[in-house]
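> Here the first sequence stands for residues 1 to 560, where the numbers follow the numbering used here.
Don't read these hints as lab results, they were simulated from the structure. Ideal Cβ positions, reconstructed from N, Cα and C, are used throughout, including at glycine. Worth double-checking, as some hints may not be accurate.
Quick list of in silico lysine-lysine cross-link-like pairs, DSS-like style, CA-CA up to 25 Å [stated by the list, open to error]: (1) Lys353 / Lys428; (2) Lys22 / Lys275; (3) Lys275 / Lys492; (4) Lys277 / Lys492; (5) Lys277 / Lys534; (6) Lys456 / Lys277; (7) Lys374 / Lys535; (8) Lys124 / Lys174; (9) Lys117 / Lys251; (10) Lys273 / Lys283; (11) Lys60 / Lys117; (12) Lys428 / Lys374; (13) Lys456 / Lys353; (14) Lys456 / Lys550; (15) Lys273 / Lys534; (16) Lys60 / Lys320.
Label-pair distances were calculated between CB atoms; the ranges are [unchecked claim]: (17) Val149 / Lys22: 17 to 25 Å; (18) Gly21 / Gln130: 44 to 52 Å; (19) Pro165 / Lys22: 44 to 52 Å; (20) Gly287 / Ser148: 27 to 35 Å; (21) Arg453 / Glu361: 22 to 30 Å; (22) Gly58 / Arg145: 46 to 54 Å; (23) Pro384 / Glu79: 39 to 47 Å.
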Amino acid sequence: MEAGQGLNFIQAIIEEDQRTGKHSGRVHTRFPPEPNGYLHIGHAKAISLNFGLAHQYGGKCNLRLDDTNPTTEETEYVESIQEDIRWLGYTWDGLYYASDYFGQLYQFAEELIRQGKAYVDDLKPEEISQWRGDFTTPGRDSPFRNRSVEENLDLFRRMRAGEFPDGARTLRAKIDMRSPNPNLRDPAIYRIRHAHHHRTGDAWCIYPLYDFAHCLSDAIEGITHSICTLEFENRRVLYDWIVDTLVPGAKEGNRPYQYEMARLNLTYTVMSKRKLKELVDTKVVDGWDDPRMLTIRGLRRRGFTAASLRDLTQRVGVTKTQSRHDIGLLEQCVREDLDTNAPRAMAVLRPLKVVLENYPEGQTEELPLANHPKRPELGTRQVPFMRELYIEQDDFMENPPKGFYRLSPGVEVRLRGAYFIRCERVIKDADGRVVELRCTYDPATRGGNATDRKVKGTLHWVPASAPVAEVRLYDRLFAAEDPEADEARAFKEFLNPDSLEVLAGARVEPMLAQAAPESHFQFERLGYFYADPKKGLPGRPVFNRTVTLKDSWVREQGKA
RNA sequence: UGGGGCGUCGUCUAAGGGUAGGACGUCAGACUUUGAAUCUGAUUAUCAAGGUUCGAAUCCUUGCGCCCCAGCCA
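Please model the complete structure; the sequences and the hints are all you need to start from.
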């Protein structure tokens with residue numbers, strides 16, 4: 001928001017900290033994804049917040065791969081995460097992995113045992129769960145809770161040495177089994193996992209859990225403001241407990257603090273990594289970078305720009321209020337970016353043949369069209385014009401309703417940048433479908449100008465010689481505003497069956513056949529399109545529709 | 001029915017004792033060689049009830065509603 005004086009609540013905290021001299025005025029944030037999936041638009045919010053804050057306050061922001069669970073994490077994901085952050089336009093100060101700290105974390109754990117504040121528990125997972133109690137019943141102390149420091153140290157070292165199978169024992173923090181906050185009922189901080197880790201290989205068979213690893217990693221890196229999402233709110237006391245008992249100087253304020261904000265939710269989509277993965281695994285979509293996915297890669301391949309994603313994160317703000325933003329806001333962000341930056345072009349998605357009966361056969365002329373109506377410096381291009389052309393099927397109606405500005409029998413319209421044409425006759429096939437229009441053009445209106453009369457409609461067009469291109473029309477993946485709202489039904493029941501339409505027979509102006517992969521265009525009167533880098537071939541591009549233009553005619557019809 | 005959070009236009013988000021502002025959406029109009037863009041204008045909100053105060057979205061009390069927590073996931 002450009003309110004100016006309206007700081008978001010994190011900025012307010014930082015400015016207050018700077019005023020009081022907390023952290024010696026330092027700002028050091030971090031973006032800590034777990035490398036177990038691809039980044040999505042929700043991460044983009046966290047990324048631009050953390051990197052943006054560091055930039056705004058002259059601080060630093062680290063990228064830290066939170067890789068404490070060897071069974072779910074893969075190198076493939078750490079590479080994609082880095083690529084996506086760079087594409088978004090951010091550069092990290094330090095690149096770290098939680099696994100960099102396994103040695104230090106282990107030492108912290110031994111220290112906790114020495115302080116008598118952690119113990120090795122032999123209870124099995126189900127037993128731990130039973131002994132923990134529930135929201136209304138306090139937990140009970142584990143029978144192993146009062147082992148001596150020596151015994152705990154010995155057992156913990158043997159856990160590390162690989163003497164016990166997975167699940168046999170855990171290291172637990174000794175806090176309070178009767179706490180009303182279940183997170184303080186002696187949370188597990190180390191578990192046994194005889195699993196290969198993507199970076200440390202087989203060096204470890206015990207791995208720290210999030211609550212233990214995350215806060216201490218923050219402390220090790222000198223993070224000042226550790227921003228996470230709302231669901232971590234009731235773990236903050238645990239965060240504080242661990243940091244305060246283990247980090248030297250923590251009590252004096254020389255430590256990181258956790259702040260929670262609302263995650264980004266958007267209408268007509270799901271955001272959890274688990275659900276996105278399910279869409280990929282069940283082939284509902286064609287991979288993590290399917291243009292319908294709200295992953296960074298998917299959005300990128302759909303034709304969203306990094307600037308538009310950054311813009312969205314600015315507009316949605318930062319609050320603690322659980323919210324769901326209108327996906328239309330994202331669409332508006334990319335429209336605004338592409339309206340000023342995308343060159344214009346003409347493409348006919350569903351061609352309808354037009355023959356200009358009074359235009360000489362065999363004649364062709366090159367007509368100049370502006371590449372951008374508001375930016376003459378972007379120049380013009382030549383588009384061939386001839387006796388046979390294509391216009392959009394939607395742009396003709398034999399019996400038009402009131403308010404239809406386009407072509408119909410006896411009506412004159414302008415072909416953009418070319419001539420006025422009038423429809424004289426309609427040719428139909430045996431089934432009565434309109435297959436061709438016989439029209440006349442007015443040579444005096446070259447360039448689309450006439451001094452003596454006006455026309456209501458201006459249509460885009462391509463010459464009959466125009467190359468064919470595949471165009472993919474994408475729409476939102478789900479038909480329901482909140483696909484997860486109905487507890488009784490799976491989110492996949494709300495998929496939009498029309499989220500992808502492939503048009504193999506679109507015709508594009510010649511320039512577009514040479515479009516470089518990853519280039520953006522506005523196809524006039526239709527929307528913004530992006531040359532797909534994966535599907536397209538040289539001279540044979542595939543265009544993904546990023547978003548339509550706003551269309552008040554569609555709205556008008558909807559009212560009828 | 002334990003604990004932790006959150007309630008402001010349709011959707012988001014500002015204002016933190018002194019004119020409830022902005023964005024997106026919607027509606028109406030102007031302009032238009034994109035039914036786009038642009039420009040005008042309009043509509044609509046402080047969860048409820050009490051209290052304090054000259055004055056409450058803001059402070060207090062009591063309700064109500066929604067979200068999160070009982071992984072050896074993060």
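> Against each hint, give a clear statement of whether it holds in the structure.
How the hints compare with the structure:
no., hint, result
1, Lys353 / Lys428, "11 Å, holds"
2, Lys22 / Lys275, "40 Å, violated"
3, Lys275 / Lys492, "9 Å, holds"
4, Lys277 / Lys492, "12 Å, holds"
5, Lys277 / Lys534, "21 Å, holds"
6, Lys456 / Lys277, "49 Å, violated"
7, Lys374 / Lys535, "32 Å, violated"
8, Lys124 / Lys174, "17 Å, holds"
9, Lys117 / Lys251, "17 Å, holds"
10, Lys273 / Lys283, "15 Å, holds"
11, Lys60 / Lys117, "33 Å, violated"
12, Lys428 / Lys374, "40 Å, violated"
13, Lys456 / Lys353, "21 Å, holds"
14, Lys456 / Lys550, "19 Å, holds"
15, Lys273 / Lys534, "23 Å, holds"
16, Lys60 / Lys320, "24 Å, holds"
17, Val149 / Lys22: 17 to 25 Å, "35 Å, violated"
18, Gly21 / Gln130: 44 to 52 Å, "48 Å, holds"
19, Pro165 / Lys22: 44 to 52 Å, "46 Å, holds"
20, Gly287 / Ser148: 27 to 35 Å, "54 Å, violated"
21, Arg453 / Glu361: 22 to 30 Å, "27 Å, holds"
22, Gly58 / Arg145: 46 to 54 Å, "47 Å, holds"
23, Pro384 / Glu79: 39 to 47 Å, "45 Å, holds"
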